[in-house]
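Based on the hints, put chain B in the right spot on chain A.
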Amino acid sequence: MKDQIQSTQTEALAQIEAISDFRSLEDARVGILGKQGSLTKLSAGMRDVAKEDKAEIGQLLNAARQTITASLDAKKEALQSEADAKALEGIDLTLPGRSVHHGSLHPLTIIRHEAIGILRRMGFALADGPEIEDEFHCFDALNTPEDHPARNEKDTFYFDSGKLLRTHTSSVQIRTMEGGKPPVRIIAPGSAYRRDEIDATHLSVFNQLEGLYVDADVSLGDLKGTLEYFLQEMFGSETEVRFRPHFFPFTEPSFEIDVKLHAKGQAPKWIEVAGCGMVDPDVFDSVNGNRKDEAYSPAGVTGFAFGMGLDRLAMIRWGIKDIRLLIENDTRFLKQFA
Amino acid sequence: MNVSLNWLSTHVDLKGKSPEELDALLTFAGVEVEDIKLSGVPSDKIVVAQIKEAVQHPDADKLKVTQVDAGEGQLRQIVCGAKNYKVGDKVPCCLPGADLGGFVIGETKMRGVESKGMLAAASEIGLTDEEDGLMILPEDFEIGKPVKELFDHDVLLEVEVTPNRPDLLSHYGMAREMATLLEAPLAELDIPSREAISTAGVRIEADEVCPFYTAVRISGVSVKPSPAWLKQRLEAIGLRPINNIVDITNFVLHELGQPLHAFDASKVSGDLVIRTAKEGEVFKALDEESYTLETEDCVISDESGTALALGGVMGGLDSGVSEGTTDVILESAYFTPSRIRRTSRRTALMSDSSYRFERGVDPAGVAKASALAVKLITELAGGTAEAETISVGAAPELTQPVTLDLGRLDQLTGGSISHDEAAAILTRLGLNLNDSGQWDVPSFRADLQRHIDLVEEIVRVKGLDAIPSRLRGTFVPASSVDHDYDADMRLRERLAGLGFHECQTIKLISDEQVADALPLKPLREGDTIRVSLPLSEDHAVLRPSLTPGLIASAERNIRQGASSLRLFEMGRFFRNAGGGKAKDLEAESLAILIAGERQPGNWDTATQHVDLYDLKAIVQAMLPGHAIQLNPREREGFALGADIQAAGQNLGSFAMLTPARQRQIDASGPVFIADLDLGKLRKLSAVTHEIQDLPQFPGSTRDVAIEAPESLANADIEKALGKIKEPLLAGFECFDLFSDPTGEKLSADRKSIAYRMTYRSAEKTLKTKQVDQAHQGILDQLAKSLPISFR
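Protein chains in written order, with UniProt numbering: chain A, 1 to 338; chain B, 1 to 791.
Chain A extracted, bound-state conformation (with noise of 0.2 angstroms):
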């Protein structure tokens, strides 16, 4: 019996040893351990072992089964990491990765949305109005006398109902005053339209964006914190800033607003980006007149506006030369903001 479970462990550790697949090695292991297999028939014998020997063959066999079961383990084992090693060979790294579809954000939308996100950051909430506007929001109300030259049939885009289509945001101060009382803290993105044939540097739709800030106490130092904070997140916290004194009819003192750019290979320059000012008391008193009591009396709010070209923001920001490559929407501009 002895003799016999050696052999059999010989064997079996034979046959485990020059098997090279994974299905030898299961038949192998049916054939040793299963229910018919080759040392489950011997353990069969135990019933005929004196009772004295049970014990020592008993072990013999046990540590048999070990044995081979380890041998099976490893053999599996060494198998499957070779199979694995296999599955990995031949792949070519350098292959191009499949394909998908790279979605983009217009450039303007990246742009506004980068304006709003730092002007929200500064408590500013968002406002808007209609694009196709009476003259009193786009114009009398903005203290823009009748015979102002921007009124004019060749430079605003009129209708034959005596509409027009608002040729700056700044329509959108006179909606939020009339629709709410003071404080007043809004930011109005939009479009603006002006009849100007379109070039390399015109759009006749082009895109705004309108800050209002209108309470006791707005100071010209609240104007110029604020712009000097939101240019510096915009373009940098070193970039310099500039107001130069200005006229627009809805603003007392009015500015424009100069930010020195840095361009690579360039000299220095200043860019304008922006205009603001202190809101024209006159501004205030056309609210009034319209809303019919004195929430905006000049004796008890100041404020300030501004408001800033975003098509031009986008196009100092990526060095856009043409700003007809925003409204073109060819994919192969658009896929370089992806």
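Keep in mind that the hints were calculated from the coordinates and are not lab data.
Heads up, some of the hints might be wrong.
Unchecked claim - A few chain B residues that face chain A, going by a derived Cβ cut-off under 7 angstroms, partial list only: (1) S338; (2) N557; (3) N602.
Even for Gly, the Cβ is constructed at its ideal location relative to N, Cα and C.
Below, chain B alone, put in the same frame as chain A:
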């Protein structure tokens, strides 16, 4: 406007100020400096030289080899191609190292002959000369002397003056502003006063346009070219000298800002009559064009009724000063700005005069300008001026005393400008604090009418730099626009994540493009909104939907070779909702377009064209959690038109371009578009519901392949399934569709459509038998209600 620095310097001392300093000074005063040009000889190394010898170049017919004396003790050899000189002439000689605006002269060989410098033409060294070729200098010029010292040089500032500051539209006005800013003295004007006045000879019949008119008759003048100094002044600012009389009126305009006009007195019969034009009256202007006038316009006429000038805008062709003129009538007047603006715009006739009148001239300057011009004419053209100035009407008083609210000044500036300094600034600007504590405003500053206008001046002169920045703000709640914006950004980012490029198209489209519109509610006659005066027919109509722009973008991209397109745009569309009446609707939508290959080209997969299920999936991705349905609805001009429905409402429209339209835009396969109502989409896409608990027990699935006629839609099967009340059925999904056009595996008019059903109980894990039973029950009921069999 062009400003000459030399001219300015006759009024204010600007010595030692670099062009850059002047630029900064004006910029921070609110005058935009658009360009700075230097004129005159740029370099010290351009000297007077005498040509001593000129011989033919041995190897070049057109060149001569000259020996010149540039005052260096020995002659200099220079090869020269000019012909207009003779030996002995003095000419400008550029020595090696002379910088001609970026081009530096050196020593060189020309066709093998040494040339040590360049003999120059006037234009090459920043001067002007009527002759071509070398600039021949006067004989008395000293050899070796830098030419720079012998000619004036000047700085020309091209400035943009804001419409509120007409007082800056002259050299004196600009000098006055600079003197204020620099705290420098302003030279007094040397103008004799002409106090004697009569009213005979001029009648104003249109005092609403011309409230104040003056005229001076000057007899016996001789019309001839102006002296050099006057020509130089005008040329410096880019004006062409004409004759002494016209040049003087131009000079005074640019000196004082008051436009003048000189009539040939022999062309005027009787009194001058200032009247409104007759309807349809034709006026032939100096520019030789004829203009048809309206009753709004103002003309200067005479007793004969002929219009001699279009008041405040331009003189007439026949009444102006010419060489034969001996007597002139000099006009100086005040015209109402809005009326001049109207006439100028309507006739598209703009002049230096109308530019100033429509912004408003200084009423007090009318007489002053007239007196200066009379003085210059009698000095330069001879003649005798009548002692009396004809003066009709009165100079309007446009200014009034203004109160400066010091409390408000402190509030706006944060107290950073002292009251004393504020007062000093106003005083420097020519304002005067009167006895009642108000500020008297000079006549040339009609823009200063209110307290805030004075604050503006104080801040402008002091500079915003002096006011400390303040970083603070009021807290405000988010608005509904904020919520909409955030929802839109989520949709945008989701679409970009799904591989779509966001587009931005122009909101004005052409009439033809309207046919590409796919709004939720089909367009009827009169629903589109057209601008009255489009720039071009390509941009005439406000888009009634976003799809025309997207289709145009697709066309552009297909033409440049894009093989796979995924585009979207979000924004406003416009519609006349009043059935022809002006009731304008502005709403927002999201348009999506797909075309071309489903996936960009891959090395291991065949390319496939997109189909409608690709776009349907994208629409579904906009509204996870809501089942999207396409309900067929014919759309004129499109194929496969359908309403997009979810949560029981119509969200938008869906369609394929007709094959004909598809070919027009050169698309090689189908193009699908959808236009979704953004308002509804925002509401439905907001996750506002409470979440569902996760199932406690596992579910089991059973697949069923249904053989059905081709005509039986998935929706019919889903509807039948939906009607079956089996509590254990937790859900189902279609996972396979098979048909065989050859009829071999399946009859050609039938299809096999397979569903995976999920069964689950909320109380326990289901046993196989229970699942089988439920599944069989469903199959039995389906077979009863539909013409199907199971495979």
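Quick rundown of the hints versus the structure:
no.	hint	result
1	S338	4 angstroms, holds
2	N557	5 angstroms, holds
3	N602	5 angstroms, holds
Taken one by one, the earlier hints all hold for this structure without exception.
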